[in-house]
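Chemist: Let's have the full structure, built from the sequences with the hints guiding it.
Number of protein chains: 2
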Amino acid sequence: MTKHVYDFLEGNGEMRDELGGKGANLAEMTKLGLPVPPGFTITTGTCMAYLNDNRLPERLKEEVDAAIKTLESKLNKTFGSQDNCLLVSVRSGSKFSMPGMMDTILNLGLNDQSVVGFAKLTGDEHFAYDCYRRLLQMFGDVVYSIPKQRFELKIKAMEESAGVLVDQFSIEQLKELIVEFKAVYQKEGKEFPQSAREQLDVAIEAVFRSWNNPRAFTYRNLQNIDHDLGTAVNIQAMVFGNSGENSGTGVVFSRNPSTGESGFFGEYLINAQGEDVVAGIRTPEKISTLEDAMPEVYQELSGLITTLENHYHDMQDIEFTIEHNKLYMLQTRNGKRTDKAAIRIAVEMVEEGLLTKEEALLKIQPSMIETLLHAVFSEAGLKDGEAFSKGLGASPGASIGRVCFDAVKAAELHQSGEPVVLMRNETSPEDIEGMIISEAIVTNHGGMTSHAAVVARGMGICCVTGCEQLAIDEEARTVTVNDVMIEEGTMISVDGTSGVIYLGELEKVLAEEDHNIKTLLTWADEVANLQVYGNAETARDLAVAMDFNAQGIGLARTEHMFFGKERIKEMRKVILAEQDDEKREALNKLLAYQKADFEEMYAISQDKPMVIRLLDPPLHEFLPTNINEIEEIAKELKMNASRLNKQIKGLHETNPMLGHRGCRLGITFPEIYEMQAQAIIESAITLRQKGIAIVPHIMIPLVSEQGEAAMIRPKLIAVIEEKLAAANIQFEYQIGTMIELPRACLTADKVAESVDFFSFGTNDLTQMTYGFSRDDAGKFLGHYLTDGIMAHDPFTQVDEDGVGVLMDMAVKKGRQTKPDLRIGVCGEVGGSPESISFFEKIGLDYVSCSPYRVPVARLAVAQSALNKTHIAQ
Amino acid sequence: MTKHVYDFLEGNGEMRDELGGKGANLAEMTKLGLPVPPGFTITTGTCMAYLNDNRLPERLKEEVDAAIKTLESKLNKTFGSQDNCLLVSVRSGSKFSMPGMMDTILNLGLNDQSVVGFAKLTGDEHFAYDCYRRLLQMFGDVVYSIPKQRFELKIKAMEESAGVLVDQFSIEQLKELIVEFKAVYQKEGKEFPQSAREQLDVAIEAVFRSWNNPRAFTYRNLQNIDHDLGTAVNIQAMVFGNSGENSGTGVVFSRNPSTGESGFFGEYLINAQGEDVVAGIRTPEKISTLEDAMPEVYQELSGLITTLENHYHDMQDIEFTIEHNKLYMLQTRNGKRTDKAAIRIAVEMVEEGLLTKEEALLKIQPSMIETLLHAVFSEAGLKDGEAFSKGLGASPGASIGRVCFDAVKAAELHQSGEPVVLMRNETSPEDIEGMIISEAIVTNHGGMTSHAAVVARGMGICCVTGCEQLAIDEEARTVTVNDVMIEEGTMISVDGTSGVIYLGELEKVLAEEDHNIKTLLTWADEVANLQVYGNAETARDLAVAMDFNAQGIGLARTEHMFFGKERIKEMRKVILAEQDDEKREALNKLLAYQKADFEEMYAISQDKPMVIRLLDPPLHEFLPTNINEIEEIAKELKMNASRLNKQIKGLHETNPMLGHRGCRLGITFPEIYEMQAQAIIESAITLRQKGIAIVPHIMIPLVSEQGEAAMIRPKLIAVIEEKLAAANIQFEYQIGTMIELPRACLTADKVAESVDFFSFGTNDLTQMTYGFSRDDAGKFLGHYLTDGIMAHDPFTQVDEDGVGVLMDMAVKKGRQTKPDLRIGVCGEVGGSPESISFFEKIGLDYVSCSPYRVPVARLAVAQSALNKTHIAQ
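In order, the protein sequence lines correspond to chains A and E.
Using my numbering, the first residue of the first sequence is number 15, and each one after it goes up by one.
Using my numbering, the first residue of the second sequence is number 15, and each one after it goes up by one.
Watch out, some of these pointers could steer you wrong.
Copies of the same chain look alike in the list, so a pair counts if it fits in one copy or across any two.
With a Cα cut of at most 20 Å, we get these calculated PhoX-like pairs of lysine-lysine [unchecked claim]: (1) K196 to K91; (2) K204 to K882; (3) K832 to K170; (4) K793 to K404; (5) K663 to K793; (6) K196 to K162; (7) K660 to K793; (8) K45 to K609; (9) K826 to K162.
Derived from the structure by calculation, the hints contain no laboratory data.
Modeler: Here's what the structure looks like:
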């Protein structure tokens with residue numbers, strides 16, 4: 015037979031499913047012997063039964079009767095008695111905390127008669143009538159949905175005529191107020207039930223119904239809380255903090271929730287009920303002053319706080335009431351805290367022996383670390399700031415600069431020493447130079463994984479994307495949002511976390527070095543199974559990744575090495591020149607550039623592996639589009655400009671993402687990959703000669719067919735072996751491939767025959783698996799997420815059901831051919847904490863992410879390892 | 015122990031692997047008791063052993079010795095004897111016929127002494143020395159690779175000085191020629207071996223080596239013949255057709271290889287060897303005249319031909335020699351024939367009881383049928399035609415018309431009654447109206463499955479794509495290839511099979527109705543397991559598909575219904591209008607158009623299923639791009655033109671193929687799909703009311719996620735049920751989905767929950783699996799095919815290793831959820847004969863292809879069924 019009611023003595027802290035969080039905690043505290051006013055909990059299951067059947071379960075009445083009986087006998091009072099009435103509070107409490115979402119009724123059990131008896135009993139008529147008017151107010155609101163305002167207006171009116179505030183009303187005034195409140199009921203066609211038992215029954219139903227009120231429903235949607243959990247109802251004997259000067263109520267945290275500092279933190283009010291603290295009529299006292307005010311109570315409280323923290327192994331948020339010098343604990347729960355505090359608390363609890371390192375690691379959300387590594391605007395700044403527009407917070411940070419609409423203008427202002435914010439409809443690799451020098455990047459189009467977002471995160475530059483309101487007029491050099499227009503050069507502030515763009519300069523707070531994070535990450539590394547690598551485009555990125563203790567570089571892109579102002583000219587010659595010697599000359603220049611780049615990078619990465627990806631972007635990205643550039647290059651190549659223009663048009667692609675890129679370039683322009691291989695091996699030789707044990711890792715992108723790797727690999731090897739022989743040196747090198755097309759996954763057993771390692775490129779893999787591009791999906795992906803067609807953006811969290819199936823298949827097939835094949839992931843989701851345990855599950859060796867995400871990933875891989883162990887146990 | 019040598023009496027026709035085609039046939043004829051000069055075959059395995067080890071196997075010499083002994087004893091002659099010498103021919107013969115690729119040596123065994131004996135033996139000194147000089151010539155070429163020319167120059171010189179041709183040289187002149195030939199040997203540092211046995215050994219090695227000569231290697235690559243098969247060597251006693259007027263040689267086909275007509279077809283020469291027939295010095299006689307010339311021989315021959323045809327159940331191509339009135343059979347093989355003849359022969363052989371229907375079906379290549387259904391240029395026309403350019407034969411046919419560079423010009427000329435050829439860099443759906451009225455379509459870019467190619471094949475319009483030489487100047491209205499420029503309006507001829515474009519009008523031959531094809535296809539339908547559906551865009555397509563006996567329509571596209579001149583305006587309003595009523599009004603107009611379209615189509619398809627795909631193309635395809643159109647629509651919608659222009663630019667997509675299309679439109683513009691559902695159900699109701707049992711099949715395109723189908727399906731059902739209720743009628747309807755994205759395959763079990771049928775869209779599936787688009791792959795796919803990176807174009811033949819794995823997975827997962835789920839394929843490869851057996855293997859129910867491919871597919875599915883049965887046995 016289903017049990018609907020649990021006495022606090024019957025439950026425990028594990029029973030959150032049945033009793034809700036509050037009920038379970040009350041039971042747990044009771045079990046621990048803490049001074050909790052007695053009471054009982056009606057289960058969440060009862061709530062769901064009620065909501066489904068539209069009536070309370072039959073046996074509930076009996077069980078409640080029995081529970082009340084127990085309560086009466088414990089307290090020696092009688093529920094509904096005129097002379098010695100038992101009063102109770104009725105509170106909702108679901109499995110997950112839903113602050114402010116549901117309601118509380120205090121003082122339930124009073125009526126026109128018992129209030130008189132209660133006055134006698136407590137010897138305080140004022141107190142008794144005050145309790146009664148509060149009951150009427152809360153009951154009307156919660157049970158009959160009478161707008162709170164109706165009651166408040168009555169209070170206001172009487173305050174005005176009486177010339178005092180409500181807490182100073184005379185007994186007569188309170189009685190008058192009670193009459194007025196009853197009139198409010200009547201006007202709504204309701205009546206306040208005089209029977210205590212009836213009060214309780216309708217209150218229980220009201221709490222159950224509140225589970226489905228719109229506020230609660232919306233909150234659950236936002237927080238991804240299941241709508242089928244239901245709420246429990248906690249019925250507890252009242253204790254009164256408003257029983258005089260030796261009474262009071264307060265809230266205390268076992269540590270500072272803002273900084274994490276140890277020591278109690280909280281406040282209390284003498285002669286008050288909990289709601290008075292919230293209402294803010296009087297200013298509460300700091301908890302430390304309680305030591306002087308009520309030393310014995312303070313001592314007891316402080317012991318209990320420590321007991322609770324030790325019991326829960328977490329910082330506690332506690333509500334207590336003092337009634338005539340007697341302390342009661344009303345609630346305890348794990349306290350909310352800032353990210354900074356969370357980390358400090360976790361680390362210090364380990365030092366105090368309260369937590370193991372493993373427990374501490376599991377208490378921190380990886381995303382907390384990311385926020386802490388970036389500068390933020392001060393709270394004051396944010397409060398005063400004038401918002402201009404809002405997009406997606408694509409790369410965290412708080413940056414200030416002058417708006418520029420293109421890379422040229424950005425460079426110009428930058429050179430004159432001004433900070434700049436690059437604002438574009440969208441960015442492309444040609445904007446790289448402008449992006450590097452910008453404090454922040456803002457784009458009109460694109461999502462969290464657009465080009466701008468990816469590059470910015472890679473470089474730790476603040477970035478806001480998908481700021482769709484921006485109407486950029488590149489000719490007039492202005493940008494307009496609604497009716498606000500600003501000109502190029504205007505100073506703006508960009509919050510890369512919230513995505514808000516402000517006019518003017520907001521005050522900033524710099525992120526300080528946090529030794530607690532360092533400590534935590536050291537512990538993380540100790541338990542991790544997966545290694546964490548960083549992705550890097552430049553020596554600067556690389557240095558950041560190394561600073562953050564990346565175990566290697568999982569993706570060193572070489573694109574930007576072709577996009578520099580001088581370099582792109584040479585690249586264009588390679589593509590467009592008709593004479594072989596012109597091509598060769600251009601390639602030689604590029605070779606020199608690349609060698610220098612790689613030497614610089616190897617000097618930073620030292621003997622940690624660095625996976626260099628051969629050239630990947632679509633051919634057309636290198637080609638000039640404006641006629642001046644075309645004429646210039648035609649001149650250099652001694653070609654006819656209009657003919658060259660035609661040639662360039664001929665290279666136009668309808669879907670560049672699906673076009674002539676990746677290893678397809680390596681097949682049709684083998685000389686480019688051969689040049690890159692030469693640059694890599696020659697720079698490695700240089701460093702080897704200095705005694706640094708470089709092991710070059712060369713990665714072929716966009717393989718869909720073993721034949722591609724099988725054709726390219728020997729050409730690379732030929733170049734490498736030739737250079738090694740010429741330098742009279744031998745060392746290990748590896749040639750691997752990106753696995754970023756569905757077909758590469760499906761045929762990974764064959765692909766593995768021609769390569770030494772795999773690295774998943776989840777961006778392309780996700781694009782192809784779903785058949786939509788990151789750049790173009792913005793127009794419908796938002797729709798999909800809000801309509802619940804998709805649970806999350808597959809570009810920020812791996813799609814386990816689709817993309818993940820292909821990845822799993824590729825790992826299995828690859829290792830079927832080469833059991834020791836080393837496999838990593840270097841796409842955007844490589845650093846996604848939500849994805850990392852999946853990557854561990856399918857057997858990857860490492861994840862690689864943008865440098866600023868390395869610390870986040872280090873924590874996430876540790877958690878994944880710990881969870882795996884837990885599950886395995 | 016490996017056996018290297020087989021006497022003709024030991025082998026048989028099944029031993030093509032070991033003995034090669036020629037050797038197996040000689041053995042088979044011998045076994046049948048036909049008059050074959052005795053001989054033996056050295057196996058293909060011996061060849062591979064020789065090529066691998068670079069020397070002949072040890073035991074070979076003994077086995078050859080023994081075989082020669084047998085031959086000597088049979089013929090009572092001695093190999094290498096001076097007085098009574100045995101002469102042999104040495105011929106190569108691999109498993110697959112490689113015409114002209116390898117070499118033959120005749121008269122082997124002669125030397126300076128034995129030629130004297132041979133003269134005495136035959137009583138014909140001239141003949142003997144002629145045989146000897148031929149041996150020297152052939153041996154020098156084959157064994158020592160002495161250029162043939164060296165010998166021919168000597169003959170030429172002597173012919174000039176003698177004043178007669180070689181066959182009239184005197185004995186003295188022949189002897190002189192032999193001396194000259196020996197001088198040629200000497201000059202090359204070679205000597206002609208006088209030992210018959212040595213001649214034979216080096217000849218055998220030479221034949222083996224010829225397997226790897228460049229010609230042979232290239233041919234095998236072209237024909238996809240394995241390089242590891244090796245060639246056999248056939249050594250056979252010589253018979254001499256050049257032994258006088260009662261001797262001769264000839265070639266005869268058992269039926270006419272050009273028309274398929276029954277009755278012998280061939281020619282012969284009196285007093286000649288086979289090579290003389292080829293050399294063309296004398297004109298051969300028709301085979302029928304042999305009946306008068308040598309009645310007995312003719313009668314014997316004709317009996318043998320019938321025997322052979324009956325034995326091989328196929329038309330035979332036979333070589334014979336007559337020596338002193340005695341008939342010898344030297345070779346028989348299945349004769350090459352035209353496609354037309356092949357079909358006639360197969361059908362007539364069934365009627366004659368020589369073949370079963372099943373055997374006949376397996377004898378015809380499906381592609382043969384396609385060629386026969388299209389008009390062709392006459393041979394004379396092709397011979398005289400002046401080629402202008404060449405691309406890919408994308409849709410067969412022979413068409414003539416005036417060049418137009420856009421749809422507007424095409425319409426203009428067409429209205430004035432001129433035939434037109436639409437020539438564009440590439441086509442897009444906006445060109446549809448111009449394409450429909452064109453005789454042929456030619457595009458600069460794109461491959462066999464580009465938009466132009468797909469549409470053209472769908473409509474049976476001749477088409478050449480990827481004609482990369484064309485430099486179209488749209489302003490000057492000219493097109494230039496190399497230095498030849500022609501103007502718009504110039505008459506050209508387009509061969510959609512060869513891909514060649516000719517200047518002017520070539521003579522055409524119309525395809526006639528072929529009752530043999532009809533008969534064959536009727537038999538095909540009897541054995542098929544898979545059904546064949548057609549894809550159709552218009553009522554015209556639909557009618558063609560039905561004429562070709564399609565069992566349904568697997569893909570009725572609705573795009574063109576939105577691209578008509580008036581219609582696209584309304585569609586643009588739906589996308590761009592700001593006012594709901596304008597949108598609604600435009601939708602209502604589109605509804606009326608669509609209803610009329612569907613009624614027309616249902617009237618043709620009748621009760622055969624027709625799968626209508628909801629709107630699919632990227633949004634931007636509907637949007638105007640030139641400013642006039644934008645202004646016009648802005649006016650109609652009372653919008654500001656420059657604002658509208660901005661809005662349109664905002665809808666621009668970087669990769670339209672990966673953008674806002676397919677069911678993504680259905681999610682963001684639900685009203686469009688709802689309108690389509692209404693049009694479909696209302697037109698079906700109209701036809702139902704006329705007593706035609708329409709079962710609407712509605713297909714949702716581009717699903718990547720169950721949620722999409724789950725969101726769209728109930729909306730369609732709501733519209734349908736409302737209309738059915740309003741008409742007070744109930745009938746079955748189905749809602750299915752295209753499976754065309756990798757993720758749909760990977761999650762097919764879930765997708766199946768929300769749909770009634772699947773249809774594979776292999777074009778998109780292939781694009782996404784490989785990560786390249788058909789439109790853009792042209793720049794590298796050719797490279798891939800010629801370099802052997804890919805074995806075939808995955809857009810024309812299904813990629814079993816990649817795309818096929820996904821398809822197989824989708825079928826299994828789909829039927830795991832719904833065991834009876836009906837599944838077809840409607841992408842380009844649906845009609846590919848090479849793909850159909852794979853589709854049968856993975857369990858599809860039907861294939862759907864462009865209407866003109868339906869007959870091809872009908873034959874292919876029959877063959878697939880027959881092969882499956884064979885394999886099963």
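Chemist: Indicate, hint by hint, whether the structure satisfies it.
Modeler: Do the hints match the structure? See the list:
no.	hint	result
1	K196 to K91	neither (27 Å within a copy, 137 Å between copies)
2	K204 to K882	neither (56 Å within a copy, 79 Å between copies)
3	K832 to K170	neither (80 Å within a copy, 65 Å between copies)
4	K793 to K404	within (16 Å within a copy, 41 Å between copies)
5	K663 to K793	between (28 Å within a copy, 13 Å between copies)
6	K196 to K162	within (14 Å within a copy, 124 Å between copies)
7	K660 to K793	between (33 Å within a copy, 16 Å between copies)
8	K45 to K609	neither (70 Å within a copy, 73 Å between copies)
9	K826 to K162	neither (62 Å within a copy, 58 Å between copies)
The structure is inconsistent with the numbered hints 1, 2, 3, 8, 9, although it conforms to all the rest.
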